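Working from the sequences, and respecting the hints, build out all of it.
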Amino acid sequence: MDMTTQGIPTAKPYVPPQLASATKVVARNVNVHYGDKHAIQNVSVDIPDQAVMAFIGPSGCGKSTFLRCINRMNDTIPICRVTGKIEIDSKDIYDPSLDVVQLRARVGMVFQKPNPFPKSIFENVAYGPRIHGLARNKTDLDEIVTTSLEKAGLFKEVKDRLADSGTSLSGGQQQRLCIARAIAVSPDIILMDEPCSALDPIATARIEELIDELRSNFCIIIVTHSMQQAARVSQRTAFFHLGVLVEEGETEAIFTNPREERTRDYITGRFG
Amino acid sequence: MTDLTAGTATPPIRRRVDITSPEAQAAIRRRYRAEARFKAYGLLAILTAAVFLTVLLVDVGTKAFPAFTTHSLQLDVAIPNDLVAPEQKNDPVAIRTADYLPVMRDTLRTAIPGVQGRGPERTLIRLISTGAADDIRERIVANPALIGTTIKAPLLLSDDADLYFKGAGTPIVVRPSRGVATPSDTSGSITITAPGNDFSENLVSVKLVMAERANALLADAERTSRSTAPNAAERAAELRKEATELAARANDRTAAETLDSRLPSLLVGINGGLVKISQLAADRIEGDVLLPLSSTNESQAGNWRILTYTTPESSRKITDLEVALLERFKANAQVERSFNWRFFTSGDSREPELAGIRGAIVGTALTLIVTLILCLPIGVAAAIYLEEFAPKNRFTDLIEVNINNLAAVPSIVFGLLGLAMFLNFFGLPRSAPLVGGLVLALLVLPTIIIASRAALKAVPPSIKEAALGVGASHQQAVFHHVLPLAMPGIMTGTIIGMAHALGETAPLLMIGMVAFIVDVPGGITDAATVLPVQIYLWSDLPELAFQAKTAGAIVVLLVFLFVMNGTAIWLRKRFERRW
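Going line by line, the protein sequences match chains A and B.
Per the working numbering, residue 1 is the first one in the first sequence, and the count goes up by one each step.
Per the working numbering, residue 1001 is the first one in the second sequence, and the count goes up by one each step.
What the hints contain is simulated information worked out from the structure, not anything from laboratory work.
Predicted, not measured: the structure shown is a model, and the values here were computed from it.
Here a beta-carbon is modelled for each residue, glycine too, at the ideal position from N, C-alpha and C.
One should not assume that every hint holds.
[Stated by the list, open to error] If you want the footprint, here are the derived chain A segments under chain B, 3+ residues with CB under 8 Å:
no., stretch
1, 69 to 77
2, 111 to 121
3, 125 to 134
[Claimed, not checked] Computed list of lysine-lysine pairs in DSBU-like fashion (alpha-carbon distance at most 35 Å, straight line):
no., chain 1, residue 1, chain 2, residue 2
4, A, Lys119, B, Lys1317
5, A, Lys85, B, Lys1464
6, B, Lys1317, A, Lys91
7, B, Lys1457, A, Lys113
8, B, Lys1392, A, Lys151
9, A, Lys113, B, Lys1464
10, B, Lys1464, A, Lys119
11, B, Lys1464, A, Lys138
12, B, Lys1392, A, Lys85
13, B, Lys1392, A, Lys91
14, A, Lys37, A, Lys113
15, B, Lys1464, A, Lys156
16, B, Lys1464, A, Lys37
17, B, Lys1573, A, Lys156
18, B, Lys1166, A, Lys113
19, A, Lys37, B, Lys1457
20, B, Lys1464, A, Lys159
21, B, Lys1457, A, Lys119
22, B, Lys1392, B, Lys1166
23, A, Lys119, B, Lys1166
24, B, Lys1317, A, Lys138
25, A, Lys37, B, Lys1392
This is the structure in structure tokens:
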């Protein structure tokens, strides 16, 4: 593609794909600058609802940066500047009148390293609903915590020790607790930034099962280094390289019959 | 690689470690030696520090020990009916203003009868502290019914008398007699004859001392004669003459000798009295009666004794008469040793036996409370703002540099600032804990801000991200998650800062907290002093007893510091969290 070879990248007209379900997130010509570094260049993509979208690509290709644009987590980095348009349900999330806190309540996030609060398991899950006033009383809160933990497949393991510290759980359990925490505020979208990279294969399999179960209720976007994982859990896949979205499409098509040569090289392990 | 090096004269570069080669073995040994050396240095440093610390603590501890006990006389005090006029018997003011000195004097006179003359009487009354009368006064004010009765009361001894019982007096050697002795009178200057030559041994030892003195004078004369001073020769001749005379007296084994205060004091205990020898011969002495004799009867061998106060009178704080009186009290089992509560319950005093640290402790507490109330909220708020919310620009950089520099400013500068601002400009009261607290708050603020910022920075960013990720605002994330996790670190920093303030002296000198203040302060605007300044004040005083007080106050200060630092460690351990 000539975009990367030229000095100033130019936007190519983007043709939206035919999606199986409704479009949840629409991104058009998104550019991200870290100081002088042009980290994301003219990324346009449509992300479907009730499906899993995987972002793959070599380290430093900008897939995590793009993910963090979707819940405006990049706002916390002073030198980071985002231009372009990202819409969720046809609403521009970079609109100055939009409250970023409300946005993040609708777009949950699960991080690379499990990061439960050093508080009790119950408190970990209850924190979000509490600050957003989602529970009218204690019973309500208990129910939210229970259902969130059940949805995250953790309730059976921790139901007798909800008062124990979240950090006392194993790595895989901690990550499922983080997922429970994210879904406790009933978001529309869950962003997952390499959620399994710190976990062993068994814990990874549990998380993947969970992602598959959650797919029916949420729009899930997952960044992963593992192409097998992308192939296993996602319906659509986007391949990023050097800040550019090289190719995006049905996961099966990307892995069996990529249009771009760089995609083919990457998924066959020739580089990256 | 081999292609590149082949054909050249340089030897091939070794690229692999050959552990069997002598060079590799030598390298390993060298590394082991270096590691062992480093370990030894570390151990040495720690041992040295431990030795010095032990020496310091033992030294302070042993010096402080006497400050925590005190001696008093358990005597029967007769409170006379005419202490106050009969109609004023229940008037506290009259009781308080009554003259208690005669009561004390009569009590002591009854305890040791026969002490006559203004001088000895004054000596007797000076053995007890001026505070003893105050204690009696308080007792009678509290219970006026005691007037006209006899009460058993502890009379606090004066500092010198107290020190005598703590070992600062003189060793006493007692030698029983072999022959009979007859005193000429029961009081005044008397002669005692002892035909059995009982005093010959003492005379010999006195002569020996004189011979030594003669030798010392001769040596002195030698030195003087070699000097170039204008009249050195004359002076040397004088010294020689003196030495010759002394030597002659020393060699005359029978001649009587006059004792002076540079010699150990010799006394005779006979017929229930005590006589201090002034003129000594082998078979008779002349001397002054310190404690009156009961009769002039002949005393049989073994019934009278010769006492030696080994330390010469000129080398001790306490006279022979005082020693004699105190020994009499001791023999009567009237001296009592007790824990020195007064040290903790009273303020400063010019009298060492009455001086306490309560004023300083209360002053310290008030000052530190003011400091804490000011600098904990301000410091933590400043740290949170700078660390979490302030924009990063030149201005905040400047503030940061200034805070770091302020932490290194000498404390006396803060004292000058306090003097100029709080006292002269704002007109706040001098010597007050309020001003002390303000100055110390300025001093501690940078420490707390730096420690709090470090504690906030040490909280992993993933925790904040997690909070933001579930839709917490920045402020919620900081106050709900970052601050609680940073709290142990902030508390530790604060306590260390407060401990620093606790030991600070210099800035408080500048704002007048160095004044001599007897009263325990009642509020933050009263004149007060603090522990380290109290230590500084006492260390400067000439009275021997204040040495122990100084060490005692240091021990109290150290205990405070240990407790504060211990609390800091406990807080850190208790609230430390893993993530």
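Do the hints match the structure? See the list:
1. 69 to 77: holds (count 3)
2. 111 to 121: Held - the stretch 111 to 121 of chain A has 6 residues with a Cβ nearer than 8 Å to chain B, which meets the minimum of three.
3. 125 to 134: Holds, because 4 residues of the stretch 125 to 134 of chain A bring their Cβ atoms closer than 8 Å to Cβ atoms of chain B.
4. A/Lys119 to B/Lys1317: Cα-Cα ~68 Å, so violated.
5. A/Lys85 to B/Lys1464: 26 Å, holds
6. B/Lys1317 to A/Lys91: 96 Å, violated
7. B/Lys1457 to A/Lys113: Answer holds: B/Lys1457 to A/Lys113 is near 19 Å, not above 35 Å.
8. B/Lys1392 to A/Lys151: 42 Å, violated
9. A/Lys113 to B/Lys1464: 13 Å, holds
10. B/Lys1464 to A/Lys119: 14 Å, holds
11. B/Lys1464 to A/Lys138: 26 Å, holds
12. B/Lys1392 to A/Lys85: Holds - the C-alpha atoms of A/Lys85 and B/Lys1392 are around 28 Å apart, at most 35 Å.
13. B/Lys1392 to A/Lys91: Given that 35 Å is the threshold and the Cα spacing comes to 32 Å, the pair holds.
14. A/Lys37 to A/Lys113: 26 Å, holds
15. B/Lys1464 to A/Lys156: Satisfied, since the Cα-Cα distance of roughly 28 Å is no more than 35 Å.
16. B/Lys1464 to A/Lys37: 25 Å, holds
17. B/Lys1573 to A/Lys156: 33 Å, holds
18. B/Lys1166 to A/Lys113: Not satisfied, since the Cα-Cα distance of roughly 69 Å exceeds 35 Å.
19. A/Lys37 to B/Lys1457: Judged against 35 Å, a Cα distance of about 26 Å means the pair holds.
20. B/Lys1464 to A/Lys159: Holds - the C-alpha atoms of A/Lys159 and B/Lys1464 are around 26 Å apart, at most 35 Å.
21. B/Lys1457 to A/Lys119: 19 Å, holds
22. B/Lys1392 to B/Lys1166: Cα-Cα ~65 Å, so violated.
23. A/Lys119 to B/Lys1166: 59 Å, violated
24. B/Lys1317 to A/Lys138: With Cα atoms ~79 Å apart, B/Lys1317 and A/Lys138 exceed 35 Å; violated.
25. A/Lys37 to B/Lys1392: 20 Å, holds
When each numbered hint is compared with the structure, violations occur for hints 4, 6, 8, 18, 22, 23, 24.
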